[in-house]
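**Student:** Chains A and B, in that order, are what the protein sequence lines are. The numbering of the first sequence is the numbering used here, which starts it at 1 and goes up by one. The numbering of the second sequence is the numbering used here, which starts it at 195 and goes up by one.
A few of these clues could be false.
[Unchecked claim] Derived lysine to any residue pairs resembling SDA-like cross-links, with alpha carbons at most 20 Å apart:
1. B:LYS861 with B:LYS941
2. A:LYS13 with B:ASP583
3. A:LYS73 with B:ASN239
4. A:LYS73 with B:SER801
5. B:LYS941 with B:ASP904
[What the hints assert, rightly or not] Which bits of chain A does chain B cover? Going by a derived footprint, with three or more residues having C-beta under 8 Å, they are:
6. 107-118
7. 143-156
[Unchecked claim] What follows is a set of in silico ranges between Cβ atoms, one per label pair, in the way DEER data are often shown:
8. B:ARG869 with A:ALA37: 54 to 60 Å
9. A:GLU5 with B:ALA591: 36 to 42 Å
10. A:ASP153 with B:GLY296: 49 to 55 Å
11. A:VAL193 with B:THR447: 40 to 46 Å
12. A:ASP153 with B:GLY225: 22 to 28 Å
13. A:GLY63 with B:LYS986: 53 to 59 Å
14. A:ARG36 with B:ARG833: 53 to 59 Å
15. A:ARG91 with B:ASP563: 46 to 52 Å
16. A:ALA37 with B:LYS445: 26 to 32 Å
17. A:ASP153 with B:ASP669: 45 to 51 Å
18. B:ARG498 with A:ARG94: 57 to 63 Å
19. B:THR447 with A:ARG91: 51 to 57 Å
20. B:GLU364 with A:ARG36: 47 to 53 Å
In short, the hints are calculated from the structure, not lab data. C-beta: ideal position from N, C-alpha, C; glycine also.
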Amino acid sequence: MFELEVRPALVWKYMRMPGPAAELQSEFDAVYRRARAALEPKYSYKRLGINAARGRELELEGGVVFRSGDLVKLAAGAAAVVAMAVTVGDRIDRLVGEFDGRGETFAMLAADAVGSVAAEELVSRVHGSIRAEAARAGAVVTRRLSPGYGDFDLAAQKLLLAVSGGAELGIGLTENYMMVPRKSVTAVAAVRVK
Amino acid sequence: MRLRREQFKTLARERVILLDGAMGTLLQEKGLPPGEPPDGFNVYNPDAVRAAHAAYAAAGADIILTNTFGATRRRLEPYGLASRADEINRAAVALARDAAGGKGWVAGDIGPLGEYPEPLGTVPFDDAYREFYRQARVLAGAGVDLMVVETMSDLREAKAAVVAARAAFEGPIIAFMTFDYGGRTVTGTPPDVAAVTLVAAGADAVGANCSVGARELVPVVRAVAAAVDVPVCAEPNAGLPKLVAGKTVFKQTAAQFASWVPKLVAAGAAIVGGCCGTTPEHIRAAAEAVKGVKPVARRRAERRSTLAGRTRLVVVDGRTPVIVGERINPTGRPELARQLARGSCALLSREAEAQAAAGASIIDVNVGDRDGAAPTMAAAVRAVQHVADVPVSVDSARAELLEAGLKAAVGKPLMNSCPASARAMEGLLPLARRWGAAVVGLALGARGIPATAAARLSLVEKFVDRALDEGIALDDIYIDPLMLAAAGGTAAQTFETLREVKKNFGVRTVMGVSNVSHGLPGREVLNAAAFLYAAGAGLDLAIVNPLDERIRLAMRAASVLAGGEREVGAYAAAFSPERARRRKPKTRKATAGEELYGAVLNGRPESAGAAAARALENAKEPLALNYNFIVPALEEVGRRFEKKEYYLPQVIKAAEAARAAFKVLEKAIGKKARRPAGRVVFATVAGDVHDIGKNIVAAVLRSHGFDVYDLGKNVPTARVVEGAKARKADVVALSALMTTTMPEMGKVARALRERGVKARLLIGGAVVTETYARGIGAAYARDAVAAARVVKRLVRR
């Protein structure tokens, strides 16, 4: 597992603050420590060969089909895609709820931001590791695309969780395709041979 | 032959110079896959890049920008191209040169890193500088005629890029920042501050690109033109972006775009091009539009010097002294010295805030010249600018501390100071030039401070000559004649030096006024007298204690003596009986009500509760504490939020503080006796489990005195309707984060109407727009502060 680096400067940014606020620093530090301890990072990814691309459909090995013109474009010239899923667990969600329940809104916001930064950091680290692995094999991995962006419909979440191994990490979906735990990310990137 | 800086500026005074237009979209038409870096095409598909450049050259662009907007190693790294960054940059110059065909100039293009430098972002400033320097050095080595730094939204990043480009390249540099609809960068910097800072850092032309269309850029160009003397540049998008089927498109035609170009020129632009959405057709039409159009002549009636913070410009116009707060200095202040030694900026931050509030336009930062204090200086400068957002005067005798402070400063700082000895000038003046600072020269030579004015003036002459040779502008040179303790009998020589410097050298002056009273009783009296004496002798910057009441009175008096009717009016108003009643004497302890106001404004819940309890002891009408102190504090918080002086966490802390105070008031008057500002039922719609935004808005509304009933997240429509009826809601507030759950808001709106619920509907959330809200008959608020304002309006109706 990666040693997650949750940069406080980035947490402030997620709190919509351009930089650390001196007068709030000590309270921030206390929440940061608790939120950091609540993180339970887990990830999973799988490489899937591309069988065919037809219009807005990308057919992967095993008959898996994603419908997204943006994904087809991303995978142009690629031999495979990597489906990835990460989560930092539900303890951080519970901590956020606990702060909210006590009316500690600043602490709620800070803990939520720690979760967001951690999930983003985790998916970047996983993506980076996939890239490094591919580079050793002479391949290039593109940027990642997540459901909900461009024309990659959120409904693809279910299939993506299944093929990436995200479901086995304990990531579930609401009927509107929101992930639970909330601080989870799924994405697809394409693998091109140089 | 290379284009020289002065030659370029002269050309830009004689005719409008045309830049090229957008690159990425042209390359996508030629096969660049979405998500891939356009810069990689310089080596993978050079013909496509050359053809795009050639199209712009044929359209009439005088300057072709290399295809290197994202070609720093940092930006290429995610694509596995970092190791090829130099090759990509070199290839880009060759391709642009090929396409220009000897007719136009080639500009090396440098874009942002994609992540801000610290403290707004996470990239260490030195790393950002190194990235930019490396790219600029390669572009310069490959033979560009100019360098362009563009699309910067953080002033510190823009400065790092310009300083790095200046270090790597001797030719002209054009620097663009990007301003949003309100005419500021997303980090709050206005155009005049950006322009002043980047010119000081070494840019030869400054202006705005991207984000908005030409219509929105006209006032930005006007503001830049008024702030600096160098040529002004503008690269608007092809109108405002529109979201069509999930994609950003620009719909302004070439003719529409070109119709705005003469207006940009009339506003002061001399260098014009296109950004997102523009094509060779747009540039061709712009070339036609500027045929025979000359840049407007820009002459300023009077000279002025400037310093800047992130958002604040300080103009030194020589009328009355500008106040520099002197209190951040550990000499004789053991507690401050102790805190600085252990790296704490707590006291220093409070001092900075208090001095700025008392009228200091600039804050002097001196952390003591200890070994290894450079990181402390950097931290102190950051802390001061975080709480006060004023320009800083970086005060040290040591090069490493000065450089650390100048690097950490946002905007255009003052380097305080450099003695007039050959060795000091050789070591220190390049720092001021390099980091875009104005500089203080001391009337102090290798043998100390001369006793006579004549000898001091001889040192001043040497200093001014050397500073000008270094490339520091005359307006950026400040001379300190050095006030010594009056007890030594040298004050007259100092004032004589001040008068002569002002008369003969055309520079600005600065002085630490309080030194005059060392060793004498009645220091405040002597300081105030010396301040007025120096003001009369031509002092531009007075380093004083702005918290000293006598100095404040002297400042007011000086402004009347040097000013016109307006200053007289302001002076009279300051002493009016009504104002005198309201004015808080320095010695008076703040009332509990004032403490309550301050505790809410500064987001301190515990102090707010305690202050509310104290205020209740003497309050005839407890609720009046709410109207007189809590509500005004929250309104001030809202104003500061709108002005980007406060951000979401500070709004939240203010809300927490107001709630703490309310709890105390409620106890005193009984919950039932309290009349709420209104009843609001909150819910995150069915299917949506995100409730952070809703919880924040609810907390802020509670702090404004509303009764809030939070139904939670993932709330079915029927429960929202029931909740609204049961609670007799004035307003139902809904949030949704996802496009898939947003339609639930429409369902709730319909259900409320069908069930005859009279409550007004307010909606918000990441994906929600004002247009959508109008479509379902709801009000919209983009953030918590706006929500408080909108709910108050809805309840009044």
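**Student:** None of the hints should be skipped; say for each whether it holds.
**Tutor:** Cross-check of the supplied hints:
1. Our distance criterion of 20 Å between C-alpha atoms is broken by LYS861 (chain B) and LYS941 (chain B), whose separation comes to about 40 Å.
2. Restraint check for LYS13 (chain A) and ASP583 (chain B): the C-alpha separation of about 18 Å stays at or below 20 Å, so the hint holds.
3. At roughly 18 Å between alpha-carbon atoms, LYS73 (chain A) and ASN239 (chain B) fall within 20 Å of each other, so this suggested pair holds.
4. The straight-line distance between the Cα atoms of LYS73 (chain A) and SER801 (chain B) is roughly 57 Å, outside the 20 Å bound, and the hint therefore fails.
5. A hinted pair counts as satisfied when its Cα atoms are at most 20 Å apart, and LYS941 (chain B) with ASP904 (chain B) qualifies at roughly 19 Å.
6. Look at the stretch 107-118 of chain A against chain B: 4 of its residues bring a Cβ nearer than 8 Å to a Cβ of that chain, three or more, so the hint holds.
7. Chain B is given as covering the stretch 143-156 of chain A, and this holds because 6 residues of the stretch bring a CB closer than 8 Å to a CB of that chain, at least three being needed.
8. Between ARG869 (chain B) and ALA37 (chain A) the CB atoms are about 44 Å apart, so this pair departs from the stated range of 54 to 60 Å.
9. A hinted range of 36 to 42 Å holds for the C-beta pair GLU5 (chain A) and ALA591 (chain B), which are about 38 Å apart.
10. Taken as a hint, the range 49 to 55 Å holds for the pair ASP153 (chain A) and GLY296 (chain B), whose Cβ atoms sit roughly 52 Å apart.
11. Checked against the given bound of 40 to 46 Å, the beta carbons of VAL193 (chain A) and THR447 (chain B), roughly 42 Å apart, stay inside it.
12. For the hinted restraint 22 to 28 Å between ASP153 (chain A) and GLY225 (chain B), the CB-CB distance of approximately 27 Å keeps it satisfied.
13. Taken as a hint, the range 53 to 59 Å holds for the pair GLY63 (chain A) and LYS986 (chain B), whose Cβ atoms sit roughly 57 Å apart.
14. Our hint of 53 to 59 Å for ARG36 (chain A) and ARG833 (chain B) is violated, since their Cβ atoms are close to 35 Å apart.
15. Distance hint for ARG91 (chain A) and ASP563 (chain B): a CB-CB separation of about 49 Å, consistent with the stated range 46 to 52 Å.
16. Checked against the hint of 26 to 32 Å, the C-beta distance between ALA37 (chain A) and LYS445 (chain B) comes to roughly 51 Å, which is inconsistent with it.
17. The hinted window of 45 to 51 Å between ASP153 (chain A) and ASP669 (chain B) is violated, with their beta carbons roughly 59 Å apart.
18. For the hinted restraint 57 to 63 Å between ARG498 (chain B) and ARG94 (chain A), the CB-CB distance of approximately 58 Å keeps it satisfied.
19. Range check, THR447 (chain B) to ARG91 (chain A): Cβ separation about 55 Å, and the 51 to 57 Å hint holds.
20. At about 48 Å, the beta-carbon gap between GLU364 (chain B) and ARG36 (chain A) stays in the expected band of 47 to 53 Å.
Hints 1, 4, 8, 14, 16 and 17 from the earlier list are contradicted by this structure; the remaining hints agree with it.
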